[in-house]
Amino acid sequence: MSYLLSGLNIKNISEYNSSDAYNKYDVIDFQLHSQKSAYPNYTGFGETGLLFWFNNEYLNSFNLDLDNYITGWLNKETSDISSDGMYANLLQLSEDKSLRPFVYFDDNYIELFGDQFLSGSGFDCIERTTFVCFDASTSPDTNPEQNIFRFDREDGWAESKFSTGPSGFLKVKGSNTQGQAKIMVDEQEFDASSPIYNALNIITLVQTSGATSGPSITVRQNGDQLGTYEHYYSGWTSGFLKLGDTNNPNGVKYYDIFSFSGVLNESEIKSYEKYLYESYFDGNDFYFAKEDAPTGFSNSPLSYNGNDYWTQDIDDLFKLSYGSSVNFSAKLSRSDFGDGYQSNVSRNINSLNSVFDLKYDGLTDVQAKCLITFFETTPEAGIKNETEGFAGVNIDLFQPYKKDAELYFLDINHSTPYNDINTISIKAESLYDSNLDYKGMSIKLDEKNIRTYSDSLAGFEYDDVVYFESVLYSERGYYYYTGQKTQTSVSEENSPVGAQSHFTKEFYFKSDIDYDITNQINLVTIDYEGSTKQYLKDGINYNDLEFNLSFSSRSNKETRALLKFLDDKAGFKIFRYSLPQPYNKEIDVYCPEWDHTYNFHDNNDIQVKFVQFRAKSSKLTNFDTQIDFVSI
Amino acid sequence: MSKFLNYRGVDFQLENEDFYATNVSLSAQASVDPVILSDGSLLNYAPSSAVVGSLSCDFYLTAALPSYLNITGTHDTPIKAKFANVEIAEVYPKNISFNVEPFQPVLISAEFDWYGDVKVENFEEQGINQVKQKQVPNYIAHSYKSYLSSRNIFNSDYSGPSGPTGPSGPQGSIVSFSYRSSCDRPTFFNVDEVVPFRVGKLNKQCEVDLSANNLGKLISVNGKNASSVIYLKDFYGTSLSSFSIDGVLSNQNYNVSEGQYLLTEASIRQTITETKTLI
Chain C
1 MSYLLSGLNI
11 KNISEYNSSD
21 AYNKYDVIDF
31 QLHSQKSAYP
41 NYTGFGETGL
51 LFWFNNEYLN
61 SFNLDLDNYI
71 TGWLNKETSD
81 ISSDGMYANL
91 LQLSEDKSLR
101 PFVYFDDNYI
111 ELFGDQFLSG
121 SGFDCIERTT
131 FVCFDASTSP
141 DTNPEQNIFR
151 FDREDGWAES
161 KFSTGPSGFL
171 KVKGSNTQGQ
181 AKIMVDEQEF
191 DASSPIYNAL
201 NIITLVQTSG
211 ATSGPSITVR
221 QNGDQLGTYE
231 HYYSGWTSGF
241 LKLGDTNNPN
251 GVKYYDIFSF
261 SGVLNESEIK
271 SYEKYLYESY
281 FDGNDFYFAK
291 EDAPTGFSNS
301 PLSYNGNDYW
311 TQDIDDLFKL
321 SYGSSVNFSA
331 KLSRSDFGDG
341 YQSNVSRNIN
351 SLNSVFDLKY
361 DGLTDVQAKC
371 LITFFETTPE
381 AGIKNETEGF
391 AGVNIDLFQP
401 YKKDAELYFL
411 DINHSTPYND
421 INTISIKAES
431 LYDSNLDYKG
441 MSIKLDEKNI
451 RTYSDSLAGF
461 EYDDVVYFES
471 VLYSERGYYY
481 YTGQKTQTSV
491 SEENSPVGAQ
501 SHFTKEFYFK
511 SDIDYDITNQ
521 INLVTIDYEG
531 STKQYLKDGI
541 NYNDLEFNLS
551 FSSRSNKETR
561 ALLKFLDDKA
571 GFKIFRYSLP
581 QPYNKEIDVY
591 CPEWDHTYNF
601 HDNNDIQVKF
611 VQFRAKSSKL
621 TNFDTQIDFV
631 SI
Chain H
1 MSKFLNYRGV
11 DFQLENEDFY
21 ATNVSLSAQA
31 SVDPVILSDG
41 SLLNYAPSSA
51 VVGSLSCDFY
61 LTAALPSYLN
71 ITGTHDTPIK
81 AKFANVEIAE
91 VYPKNISFNV
101 EPFQPVLISA
111 EFDWYGDVKV
121 ENFEEQGINQ
131 VKQKQVPNYI
141 AHSYKSYLSS
151 RNIFNSDYSG
161 PSGPTGPSGP
171 QGSIVSFSYR
181 SSCDRPTFFN
191 VDEVVPFRVG
201 KLNKQCEVDL
211 SANNLGKLIS
221 VNGKNASSVI
231 YLKDFYGTSL
241 SSFSIDGVLS
251 NQNYNVSEGQ
261 YLLTEASIRQ
271 TITETKTLI
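So the protein lines, in turn, are chains C and H. Here the numbering used here is used: position 305 in the first sequence is 305, and no number is missing along the way. Here the numbering used here is used: position 79 in the second sequence is 79, and no number is missing along the way.
Hints were generated in silico from the structure; no laboratory data involved. Be aware that one or more of the hints could be misleading.
Unchecked claim - Listed below are the simulated DMTMM-like cross-link pairs for lysine to aspartate or glutamate, each with C-alpha atoms no more than 20 Å apart in a straight line: (1) LYS444(C) with ASP396(C); (2) LYS585(C) with ASP39(H); (3) LYS505(C) with ASP420(C); (4) LYS319(C) with GLU193(H); (5) LYS402(C) with ASP33(H); (6) LYS585(C) with ASP512(C); (7) LYS403(C) with ASP192(H); (8) LYS510(C) with ASP33(H); (9) LYS94(H) with ASP420(C); (10) LYS94(H) with GLU125(H); (11) LYS80(H) with ASP18(H); (12) LYS557(C) with ASP246(H); (13) LYS439(C) with GLU469(C); (14) LYS403(C) with GLU193(H); (15) LYS319(C) with ASP192(H); (16) LYS24(C) with ASP245(C); (17) LYS369(C) with GLU386(C); (18) LYS510(C) with ASP39(H); (19) LYS557(C) with ASP192(H); (20) LYS444(C) with ASP192(H); (21) LYS359(C) with GLU17(H); (22) LYS359(C) with GLU193(H).
Let's have the full structure, built from the sequences with the hints guiding it.
Below is the structure:
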């Protein structure tokens, strides 16, 4: 049992076995093969026959020029290498630097673009088993053929003891869809069983001389045997190997390539394929059945067919239930200046912390097992990049929040009121909502529910939200429609900045009739021992309010508008608020915290905390600079 | 509906089977609460739950009770109902009951919940020919031959012609009895939907009420274990359905009134459980 499985609190989850059928909501640990992995230089199988092995594990695997461009990729199988460092290595000796690939030591691959290549000789073999792990990007050509590598005689074209052709090619071709994606050996096309672009691929070529049945090459993709090609070109038996020259300006990433002389048995092949899988397929190995999955390796998670049965997307498995909620709180550095004056500084651009309580109700035991396993395995997601931790869970949030959220699952609560009925609540945090994004943090300008205003924009209802673009900062921003419902566009006079505008930028929402405001006078206390306590007023603004308001059972539309207003204020921006009866005074407030619960369709509860703010700064609190990111 | 619909022309079906119902009742309930704002104005009436439909009927049992009306079974899938030519795609049975009293036919009462849109405005009568061609049932459950197996009802010894003896004491003659099986049907919704994706089953129970001249000794603090089977038969003795119960008798009442016999009434209640299957 892998550490992944033993680390779970759920029993009866096993590694994927292609001879088993699976039911919807089953969970598997996909490890490509059940065999143990073996390094190419592992000698436990006996004489390995390792012919060459190239990867990017060590810095000393490369000869570099002064600019870190590769002039040589050194064979890790050193027994057959001559002292001059030329033989059985892959070299790029051209004076044309553009043909040399660059090496990034943070990466575990070498990327070859266009006509860049590395080549070498000394790899002769009549029979061989070759493994290559690569990631090809899509080519701008409509029906491209991308070279992965080729074997040949050093002078380019060989006499053949086989029927036709000189060079032995491995290529990929076609689009990335099933039936169109091809793995090519020479001119023979094989239907790829899993995507060939923008995905890691392990291709295994088993080349036999065919003393009895004729020469052939058996092609495997990610452990799935695609077919056998007979009477391959003679180049396959020669010793010149050329990597790259891919024809693809977008590049092909080479992670690992090695070859053995002779034909390995099935078990050995699977062990070496598993080495590649474990080394480079960095991600969550747990897959969840979204449909009943039949037997067969072609239905495994990596395959095209597997997409019909397996998923790592929680939205393919479960839908959120009513009762889901969220808490927002701003991370502010507050400074009190005396006399009730203060300043709030947003700590960073992701200053608004949102913690969602995702509720999944009415689950069967099988569904609950699946969801709990999903929760427990979320840290297995691949690393986002060198400076961040693992990736969060991509999820469609409930209205009015965005559909492409990335959340980190933190804790889970599971309750079961009866047999086969389960309720699961998952607390999850969103980390990357930038308050520099004018489209919003959690509630986005999506041009569907929230639209960009234009003179021709038609159809408005009370509580509609629009974004008004303007060169003037004072005019730019989100506006809330408070006019009568109309199917048409509004006149210029009634537009967001019109003289008789039907829109507002102010906080126009009315709280519930039952409210509770506590006002505590700010006092300075002097309490001498043995004497009576003395109160002194604390500066000139000692009646600062800090209060909570409720907006209960609100429609989805009003909820969107209200939450968009708060989202736009990002937890620290100041706005005007009219206190209810009997205060009736308009004051400056900011809203550092709020909660939202989606009770039912058109029934939302929102609680907000307003803090009175004295002496609003005349300086703008908005980041008003456009930054263009360009690739270099 | 352009006219008043006559009982004779209104058909009632469950899962495409005709049911000979004496009464069918259909209702819908919306849960809304007023939303009052801080300025005292009324914002609207907000829904707090889905529209819950209720369907109840009393029908004659003409054959074995269909399996989809097994309230205490494990399946919680909906069944299809048709009333006055309008289909209700998903109805969820939540209880059935019947009384067996001397000289009376046995009417089964059933209640269902339903959700979603039902085209009640399209109710219509059957055509005359359809009504004429309707089969008349030959057999209906009747108390004449139906009975509750009173032998060994309290797991007491049954020895000899003097009737049951043992810890529960002697057991008398049963005058009438009734049966009810029920469960709660909690609903589960996905967000943005007003029709549940699942209607579960909770608190499954069976209950038999007895009326007899004697039901043995008084119950103890643990109640009194009781098990029995009710056999429903038609007037000619053809067996239609049976209902078993294995529970506890938890109350006994003794009543007598002017012109009547002293009768004891009791309830046997069984909580239906399911042993979890290891997954």
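Consistency of the hints with the structure:
As the CA atoms of LYS444(C) and ASP396(C) are separated by approximately 13 Å, the hinted pair is consistent with the 20 Å bound. Proximity of LYS585(C) to ASP39(H) is assessed by CA-CA distance (about 14 Å); at most 20 Å being required, the pair is judged to hold. At roughly 49 Å between alpha-carbon atoms, LYS505(C) and ASP420(C) are farther apart than 20 Å, so this suggested pair is violated. A hinted pair counts as satisfied when its Cα atoms are at most 20 Å apart, and LYS319(C) with GLU193(H) qualifies at roughly 11 Å.
A threshold of 20 Å between alpha carbons decides the hint, and for LYS402(C) with ASP33(H) the separation of about 29 Å lies outside it, so the pair is violated. Taken as a hint, the LYS585(C) and ASP512(C) pair is honoured in the structure, with Cα atoms around 17 Å apart against an allowance of 20 Å. As the CA atoms of LYS403(C) and ASP192(H) are separated by approximately 14 Å, the hinted pair is consistent with the 20 Å bound. The hinted pair formed by LYS510(C) and ASP33(H) meets the criterion: a straight-line CA distance of about 17 Å does not exceed 20 Å.
Restraint check: the Cα-Cα separation between LYS94(H) and ASP420(C) comes to about 17 Å, which is no more than 20 Å; the hinted pair holds. Between the alpha carbons of LYS94(H) and GLU125(H) the distance comes to roughly 27 Å, so the proposed pair goes past 20 Å and is violated. A C-alpha spacing of about 12 Å is found between LYS80(H) and ASP18(H), which places the hinted pair at or below 20 Å, so the restraint holds. The suggested pairing of LYS557(C) with ASP246(H) is violated, with an alpha-carbon distance near 53 Å, which exceeds 20 Å.
For the given pair, LYS439(C) sits about 11 Å from GLU469(C) by alpha-carbon distance, which is consistent with the 20 Å threshold. Our distance criterion of 20 Å between C-alpha atoms is met by LYS403(C) and GLU193(H), whose separation comes to about 17 Å. Only pairs whose Cα atoms come within 20 Å are accepted, and LYS319(C) paired with ASP192(H) is accepted, the gap being roughly 10 Å. Note on LYS24(C) and ASP245(C): the hinted pairing is violated, with a Cα-Cα distance of about 44 Å set against a maximum of 20 Å.
This hinted pair does not check out: LYS369(C) and GLU386(C) have alpha carbons roughly 33 Å apart, beyond 20 Å. A hinted pair counts as satisfied when its Cα atoms are at most 20 Å apart, and LYS510(C) with ASP39(H) qualifies at roughly 8 Å. Between LYS557(C) and ASP192(H) the alpha-carbon distance is near 13 Å, which keeps this suggested pair within the 20 Å criterion. The hinted pair formed by LYS444(C) and ASP192(H) meets the criterion: a straight-line CA distance of about 18 Å does not exceed 20 Å.
In summary, the hint linking LYS359(C) to GLU17(H) is not supported, as the alpha carbons are separated by about 39 Å, beyond the 20 Å threshold. The straight-line distance between the Cα atoms of LYS359(C) and GLU193(H) is roughly 15 Å, inside the 20 Å bound, and the hint therefore holds.
In summary, the structure is inconsistent with hints 3, 5, 10, 12, 16, 17 and 21 from the numbered list given earlier, while agreeing with the others.
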